[in-house]
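Chains as they are written, first to last, in my numbering: chain B, 1 to 112; chain F, 113 to 227.
I should point out that these hints are in silico values taken from the structure, not numbers from a laboratory.
As the structure is a prediction and not an experimental result, all values here were calculated from the model.
Just so you know, even glycine gets a beta-carbon here, dropped at the ideal spot from N, CA and C.
There may be inaccurate statements among the hints.
The calculated lysine to any residue pairs, modelled on SDA-like cross-linking and capped at a C-alpha distance of 25 Å, are [to be verified]: (1) B:K68 x F:G211; (2) B:K107 x F:K127; (3) B:K68 x B:K42; (4) B:K42 x F:G171; (5) B:K1 x F:R181; (6) B:K1 x F:S121; (7) B:K42 x F:D175; (8) B:K1 x F:K127; (9) B:K1 x F:M213; (10) B:K42 x F:N122; (11) B:K1 x F:Q192; (12) B:K1 x F:R134; (13) B:K1 x F:T225; (14) B:K42 x F:Q153; (15) B:K1 x F:D169; (16) B:K42 x F:G165; (17) B:K68 x F:F177; (18) F:K127 x F:L151; (19) B:K107 x F:F177; (20) B:K111 x B:Y31; (21) B:K1 x F:N122; (22) B:K107 x F:S121.
Derived list of chain F stretches under chain B, where covered just means 3 residues or more per stretch with a C-beta under 8 Å from a C-beta of chain B [to be verified]: (23) 129-141; (24) 208-222.
Anything over 10 Å on all C-beta distances counts as not near chain B; from chain F, calculated [what the hints assert, rightly or not]: (25) K123; (26) V124; (27) T125; (28) T164; (29) D168; (30) G171; (31) P182; (32) E183; (33) G184; (34) K190; (35) Q192; (36) S199; (37) A200; (38) A205; (39) L227.
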Amino acid sequence: KQEVTQIPAALSVPEGENLVLNCSFTDSAIYNLQWFRQDPGKGLTSLLLIQSSQREQTSGRLNASLDKSSGRSTLYIAASQPGDSATYLCAVGKGGNYQLIWGAGTKLIIKP
Amino acid sequence: GAGVSQTPSNKVTEKGKYVELRCDPISGHTALYWYRQSLGQGPEFLIYFQGTGAADDSGLPNDRFFAVRPEGSVSTLKIQRTERGDSAVYLCASSLTGGVMDEQFFGPGTRLTVL
């Protein structure tokens with residue numbers, strides 16, 4: 001059974017710092033991996049989608065990497081801003097329907 | 113709007129009542145997913161539609177839960193005899209074809225509270 005873990009559960013850093021969020025999964029037979037952002041009381045916003053054949057994806061200040069063999073993905077956020085404060089979730093796509101299996105998220109707080 | 117919409121945004125009901133939650137996917141998206149998110153947890157898969165048919169309902173917790181998508185667009189998640197443990201945020205997502213290359217786009221969710 002696929003399990004997805006995100007560590008730490010919460011992280012608080014000063015504005016301007018670069019930071020890394022971690023995601024690990026137990027079964028390397030995944031089709032893709034997505035990173036999402038969730039703001040309180042709001043829906044999920046997709047940040048980056050990495051296909052299983054890819055090693056990384058970049059969008060603006062965000063860079064996500066994927067290492068299937070070790071069952072790990074990282075989300076790197078450069079020059080963090082208070083507006084980056086949110087919960088970040090990773091999800092792996094698995095199964096014939098590519099249903100997503102989720103981690104519990106990392107709650108990120110960027111202090112001004 | 114071009115995004116996924118869900119109604120109502122909040123639903124408070126009493127234990128034992130019946131509720132319906134609606135999802136309007138992005139126009140043209142054939143794949144539709146329902147997930148449930150409990151406080152402090154990641155979402156859990158409930159059911160997947162490809163067109164009008166439920167291609168995978170393995171995530172539905174029991175037979176009190178049912179979902180339909182009669183015309184291949186709007187979907188309704190139906191919960192009978194609600195229990196306090198059903199309280200959660202119910203999320204709907206759609207993707208273009210349900211294929212491996214597709215991103216899933218999420219609605220804002222419906223927060224269900226069962227008293």
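Hints versus structure:
1. Taken as a hint, the K68 (chain B) and G211 (chain F) pair is honoured in the structure, with Cα atoms around 20 Å apart against an allowance of 25 Å.
2. Proposed proximity of K107 (chain B) and K127 (chain F) is contradicted: the alpha carbons are some 32 Å apart, above 25 Å.
3. Under the criterion of a C-alpha separation no larger than 25 Å, the hint pairing K68 (chain B) with K42 (chain B) is inconsistent with the structure, at around 30 Å.
4. For the proposed pair K42 (chain B) and G171 (chain F), the alpha carbon gap of about 23 Å is at most 25 Å, so the pair holds.
5. For the suggested pair K1 (chain B) and R181 (chain F), the alpha carbons sit about 29 Å apart, so the restraint of at most 25 Å is broken.
6. A distance of roughly 32 Å separates the Cα atoms of K1 (chain B) and S121 (chain F); the hinted pair therefore is violated under the 25 Å criterion.
7. Between K42 (chain B) and D175 (chain F) the alpha-carbon distance is near 29 Å, which puts this suggested pair outside the 25 Å criterion.
8. For the proposed pair K1 (chain B) and K127 (chain F), the alpha carbon gap of about 32 Å is over 25 Å, so the pair is violated.
9. For the given pair, K1 (chain B) sits about 23 Å from M213 (chain F) by alpha-carbon distance, which is consistent with the 25 Å threshold.
10. Between the alpha carbons of K42 (chain B) and N122 (chain F) the distance comes to roughly 12 Å, so the proposed pair stays at or under 25 Å and holds.
11. Our distance criterion of 25 Å between C-alpha atoms is broken by K1 (chain B) and Q192 (chain F), whose separation comes to about 29 Å.
12. With a C-alpha separation of about 30 Å, the suggested pairing of K1 (chain B) with R134 (chain F) is violated against the 25 Å cut-off.
13. Distance check on the hinted pair: K1 (chain B) and T225 (chain F) sit about 30 Å apart at the alpha-carbon level, beyond 25 Å; violated.
14. A C-alpha spacing of about 15 Å is found between K42 (chain B) and Q153 (chain F), which places the hinted pair at or below 25 Å, so the restraint holds.
15. Restraint check for K1 (chain B) and D169 (chain F): satisfied, since their Cα atoms lie roughly 17 Å apart, inside the 25 Å limit.
16. For the suggested pair K42 (chain B) and G165 (chain F), the alpha carbons sit about 28 Å apart, so the restraint of at most 25 Å is broken.
17. Simply put, K68 (chain B) and F177 (chain F) have alpha-carbon atoms about 35 Å apart, too far for the 25 Å limit, and the pair is violated.
18. For the proposed pair K127 (chain F) and L151 (chain F), the alpha carbon gap of about 19 Å is at most 25 Å, so the pair holds.
19. Taking the CA atoms of K107 (chain B) and F177 (chain F), the gap is about 30 Å. The hint is violated against a cut of 25 Å.
20. A hinted pair counts as satisfied when its Cα atoms are at most 25 Å apart, and K111 (chain B) with Y31 (chain B) does not qualify at roughly 36 Å.
21. Among the hinted pairs, K1 (chain B) with N122 (chain F) is inconsistent with the structure: their alpha-carbon atoms are about 33 Å apart, more than 25 Å.
22. Restraint check for K107 (chain B) and S121 (chain F): satisfied, since their Cα atoms lie roughly 23 Å apart, inside the 25 Å limit.
23. Only when three residues or more bring their CB closer than 8 Å to a CB of chain B does the claim for the region 129-141 of chain F stand; here the count is 0, and the claim is violated.
24. Counting residues of the region 208-222 of chain F whose beta carbon lies closer than 8 Å to any beta carbon of chain B gives 12, which reaches the threshold of three, so the coverage claim holds.
25. The claim that K123 (chain F) is not at the interface with chain B holds, since no C-beta of that chain comes within 10 Å of its own (minimum 14 Å).
26. Its beta-carbon lying about 15 Å from the closest one in chain B, V124 (chain F) satisfies the requirement of being farther than 10 Å from that chain.
27. No Cβ of chain B comes within 10 Å of the Cβ of T125 (chain F); the nearest lies about 19 Å off, and the non-interface call holds.
28. For T164 (chain F), the shortest C-beta to C-beta distance to chain B comes to about 15 Å, beyond the 10 Å cut-off, and the non-interface label holds.
29. A Cβ of chain B approaches the Cβ of D168 (chain F) within 10 Å, the least distance being about 5 Å, so the stated non-interface status is violated.
30. Listed as a non-interface residue, G171 (chain F) fails to keep its Cβ farther than 10 Å from every Cβ of chain B; the least gap is roughly 8 Å.
31. With a cut of 10 Å on Cβ distances, P182 (chain F) stays outside the contact zone with chain B, its closest approach being about 20 Å.
32. Non-interface status of E183 (chain F) relative to chain B is upheld: no Cβ of that chain comes within 10 Å, the nearest being about 20 Å off.
33. No Cβ of chain B comes within 10 Å of the Cβ of G184 (chain F); the nearest lies about 16 Å off, and the non-interface call holds.
34. Non-interface call for K190 (chain F) relative to chain B: holds, since the shortest CB-CB distance, roughly 20 Å, exceeds 10 Å.
35. Even its closest Cβ contact with chain B, about 24 Å, leaves Q192 (chain F) beyond 10 Å, as expected for a residue assigned away from the interface.
36. Residue-level check passed: S199 (chain F) sits 15 Å from the nearest beta carbon of chain B, beyond 10 Å.
37. The Cβ of A200 (chain F) lies farther than 10 Å from every Cβ of chain B, with a closest approach of about 13 Å, so its non-interface assignment holds.
38. The beta carbon of A205 (chain F) is not kept farther than 10 Å from every beta carbon of chain B, the shortest such distance being approximately 8 Å.
39. With a minimum CB-CB distance of about 20 Å to chain B, L227 (chain F) clears the 10 Å threshold, and the non-interface call stands.
When the structure is compared with the earlier hints, violations turn up for hints 2, 3, 5, 6, 7, 8, 11, 12, 13, 16, 17, 19, 20, 21, 23, 29, 30, 38 and for no others.
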